[in-house]
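Next come the chains, spelled out residue by residue.
Protein chains: 2
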Amino acid sequence: MSRQFTSKLAPHLAGTLLLAMAPLASGQATGVIPPEAAAIAAERQLSPDDVAAALKTYMPSGKFDEYMLFSSGGHSGQVFVIGVPSMRLLRTIGVFTPEPWQGYGYGVGNEILAEGAGPLGETHWGDTHHPALSETKGEYDGQFCFINDKNAARLAVIDLRDFETKQIIKNPLALSDHGGACVTPDTEYVVEGGQFAMPLGMAYAPMDQASYDATYRGMVTFWKFDRTKGRIDPSKSFAIELPPYWQDLFDAGKLASAGYVFGNSFCSERATGTAKIGDKNYFESGCSQADTDMLHIIDIKLAEKAAAGPSAKKVNGMTVIPLEVAAAEGVLYFAPEPKSPHGADVTPGGEFIVVSGKLDPHVTVYSIDKIKSTIAAKKWTKDSYGVPLLDFDSIVEAQVELGLGPLHTQFDDKGYAYTSLFLDSAVARWSLGGPYASKHPETPWTLVGKVPVQYNIGHLGCAEGDTASPDGKYLIAFNKWSLDRFPTTGPLLPQNFQLVDIAKTGDTMKVIYDMPVGFGEPHYAQMIKADKIKAWSVYPEIGWNPHTQSVDPGAAKVGEERIERNGSVVHVYTTVTRSHFKPERVVVKQGDHVVWHLTSLERAVDATHGFALAGHDINLSLEPGEAATIEFDANTSGVYPFYCSEFCSALHLEMVGYLLVEPSEGSSKVSIENAQPLDATKKGI
Amino acid sequence: MSRQFTSKLAPHLAGTLLLAMAPLASGQATGVIPPEAAAIAAERQLSPDDVAAALKTYMPSGKFDEYMLFSSGGHSGQVFVIGVPSMRLLRTIGVFTPEPWQGYGYGVGNEILAEGAGPLGETHWGDTHHPALSETKGEYDGQFCFINDKNAARLAVIDLRDFETKQIIKNPLALSDHGGACVTPDTEYVVEGGQFAMPLGMAYAPMDQASYDATYRGMVTFWKFDRTKGRIDPSKSFAIELPPYWQDLFDAGKLASAGYVFGNSFCSERATGTAKIGDKNYFESGCSQADTDMLHIIDIKLAEKAAAGPSAKKVNGMTVIPLEVAAAEGVLYFAPEPKSPHGADVTPGGEFIVVSGKLDPHVTVYSIDKIKSTIAAKKWTKDSYGVPLLDFDSIVEAQVELGLGPLHTQFDDKGYAYTSLFLDSAVARWSLGGPYASKHPETPWTLVGKVPVQYNIGHLGCAEGDTASPDGKYLIAFNKWSLDRFPTTGPLLPQNFQLVDIAKTGDTMKVIYDMPVGFGEPHYAQMIKADKIKAWSVYPEIGWNPHTQSVDPGAAKVGEERIERNGSVVHVYTTVTRSHFKPERVVVKQGDHVVWHLTSLERAVDATHGFALAGHDINLSLEPGEAATIEFDANTSGVYPFYCSEFCSALHLEMVGYLLVEPSEGSSKVSIENAQPLDATKKGI
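Residue numbers (the working numbering), protein chains in the order written: chain A, 1 to 685; chain B, 1 to 685.
Hints listed in this document are in silico derivations from the structure and should not be mistaken for laboratory results.
Please note that the accuracy of each hint is not assured.
Only some residues are given here: those of chain A computed to face chain B with a beta carbon under 7 Å [said to hold, decoys possible]:
#1 W125
#2 S579
#3 E631
In silico SDA-like links for lysine to any residue, alpha-carbon gap of 20 Å or less [as the list claims (entries may be wrong)]:
#4 A/K301 - A/E324
#5 A/K276 - B/E561
#6 B/K534 - A/L483
For every residue, glycine included, the Cβ atom is placed at its ideal position computed from N, Cα and C.
Between the sequences and the hints, there should be enough to build the whole structure, so can you do that?
Laid out in structure tokens, this is it:
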């Protein structure tokens, strides 16, 4: 069937197509264009490009996407997992915001959310920005995902065996972060950079310029990750005090730049905004005065040494390297960078660091070799806080003019870099030099092509884009505005994730899918080869506690279901299976404290049960094998059905029990005598 | 290009295709199959059916889906809006669960969530089941969406001008509902049926059989909807006391059956489950003893009369028609129905009510004409509670054998009905009789065909499926298990929405898209023609209060920004525009109560700002024109940046301000004297 097309092709296309069709000729032809295709395309007014895009992105039932995208959920507080190329939302992971479908924060997970409490107590949302997948030798290993909360300066750890949040850690220094998470090449550290300056330790200080300069600070925190425990270990973590330069994004060096971490900043002008109504020096102008901001260059080994040394101090229990120590001991260097950039991105081999000042049409490329030799030559001045400021001309490798509003840069397998252009609403592809020059046909350090995106792109992400060996093939534009791309669903518009085909070299990029994101405003996302994820489809054993990732010795067991009273504390041991709870009737007294242990006895994939307790703020998702314990005070007498909230079986609706809270003396009670008479001889009909 | 295919088609296909291609011949040919299509399909191993499905579902950038699906989010507590046929999630609407992206429950909307508090206080999730779009003359009008919360017996009202929840109302009678929402043909009432029986009014009563029979009750509530106000009016609403038969789903009659409401039930055996551990009579068996349950038939006019009459009583402020009154005054009839069904579905013209007992392979079809004449002839016995029980044979029109586990039924424009088969994991198409017989080529009341779905289908939904004039074309299977359909993302698997092409008559149904739903477990959804939705793209005027849907006289106004102190209450009036807040610095004293009024001055579509206050449980989404007011106690001294959390502009990162909470006497304070010295001559670099 397919062959008949080729004879009618323009000669210049036929060769390409025959080449692409080689598998067909060798007997693997499972794909054919059905006769009705043209009519369907015509009826739906699809262009030839649309048809190609449909075929590149459609995922037949039961076939799996090649990549998974781990996307921040922005101020939804969650992480989204999206299949690529189909751009289907596979699942959301509750992180900083309680999520009742998963039961997270509604009886289980509450202790994780409580860990993240700050000076004002718990917050029940987060402003997630930059997910970082765990790495081994600079490659995503599919084991963990880390993500920050800009609003409260927190970091979360998600275990990719069960896609659940295991830890939330509050940074004790500040209430604002941005530059995280990123990981060092073997996930020794998860890096969290601050954003809006404030006194470290979160105490009050006035905001006049003298006070701001003297007491407001930035920071970057190196959280030590214990891969065996799957937890960050605060006792082995440390932070570096930084000037109040509004640190932004950090990226870890790798290979050629292993051992370094790089970060950009903005508002190194130390603007403090309008002090009075009527003032005009808004932050938006005050932070845009100087021509350059400060690229931060941090030497991890020297930082570890300083953190372990006598000059380190403790702030709210956190080890902090004082700014003057960091400046004096070679921990911290600055370099001028084009003003108000949105990141510092390291090339796959670690040779270069790319920074884009969003008000400058160029990207600026720094060389790690030049940085090292400039440091060795002490070719620096000092900034206001005494930090060595490297000579710009000595460390820059190239500057490439791309267009308006360059923000972030990603990389592929063909020696190209991709930079988002916010004001142009476009993605620019440009050629790298150095060791990458042989991988592409173009002159190094030149603009190769652009593709328009819709609209106002922020970050962008390539397949395996932050690893030492990106895949290319797909790029996703994380557009902030969708404007006219989707039907109106009220004044709050979705964002638009656009999938871009970057498989071919040259000026060939094409948008092939628009995914509306109307459930959060993602900032950044990382795309991992899907087969690297080795998640459990059921928990390993019955009685599994997902928080400890081990069998819970206190879990309810089959044959040992019971209700035990100890004074006013009632322990309930309940097993859960298709299609009943055992026990079904739980009677307690008003004022009792109830500790309820539930274990799913299921071993079948997808045989999830829910446990919803009517009128309570409790809902569990009990995946096969899972054990969970909830506690509450039974303070109000009444009749409370509990029921399975996941449609588990044909008799799911009948999977129910009743919690009866008997009134204490003197409470009201329904009297049978006053109730409706019944002809008890007729049961049912 | 397309024409050349047809000459090579098998003769039996050519006619069909030429017919389908008629628009091409008349010059509308915008659709063509590009030369690379076959190679792409081959490389991705797409079958001819896959190619057709891809072309039927792909939505090019900027083109809009034909339908919007309003789906319950199950125990996520939300409503999902999905485009059809692309099956893209356009947005989620926060309903019973706080949602920070929208800012719902994080400073605004808190009062709506508080309205829904029950005897145990607020719940911050819901188990949403059945969305109902508002109707005019039995057709979706695109104005409102209602949805219930099974877990707490609540009902929510969503205004489709801005897709925001405006009201949550707690049913004062019970803690469990299921049979709602459904609306009467002009949305006079939103119907909410109970589920698990309990004493009406939520007091305690023991659960032994005698007490259960006498004091536990079911209910159905008729909530009066005020379309002008966009609110339910509890004072004009009423409920009917029902036997403890676990009412399930309700559907309003229309046209031939206008003025009636129908509902199914299960567990009319009045099983009370296992009283002790070791008992075997679980609800799953106890509720499955009798051969039949009770179809509920309710006469709305007579119910209104009884509710207004002297026999009505008040329970927790709600007007309730006592059971014996409902039975005596013609308000309530029962009819035997096959046991443990999952709904009672009314045909588009209202002539028939379809009930499927899930343990019986048939659907049972009742005739409203026969019901009316049987009532007139008083051909009934009485059930245990004295309710007239109509003679089964007198009211049944047909029974059709479909397969295993029939649950729910929907309708199309071709005289077909579609029933989900849970145990078969299939959708059955069958032919209606009566006035529908002339619309399809098959014999009435016969099975026409089945299509397998993956897996364990619950509800199903057709385009405009609950209206008086369904569209056909698309059907969606709301499958509860996905099992092997998607890559493993942990033990909690997504559900699977499968789009089925039902455009052609006969045994021709095809699944054309799998949508993973890994963010909730939807129960039911309604599909409306997208062009019926007339949502705002910006709020009508600056200073708009979405809660009142009018300009807020207390909103912050441009030129009148200020900070006003009145004792320890501080009012802050802030305007918000690209790219600054005015004022940027807000200084209060520890212990102050802060009332903060924010108004977005934006008029451009998609120019949404956020307002995130660091470390607080506050995040607003300020759509263009929106005004919002938040309140909090500034109890902890410190430095709290506030910032725009929606990427609004090139200077979005600079859109920030600081709330300074000055310590009261005796509190700790950072001293400038102790801080890091600075060379103030160097500002920036």
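How the hints compare with the structure:
no.	hint	verdict
1	W125	holds (4 Å)
2	S579	holds (5 Å)
3	E631	violated (15 Å)
4	A/K301 - A/E324	holds (17 Å)
5	A/K276 - B/E561	holds (11 Å)
6	B/K534 - A/L483	holds (16 Å)
In terms of the numbered hints stated before, the structure departs from hint 3 and from no other.
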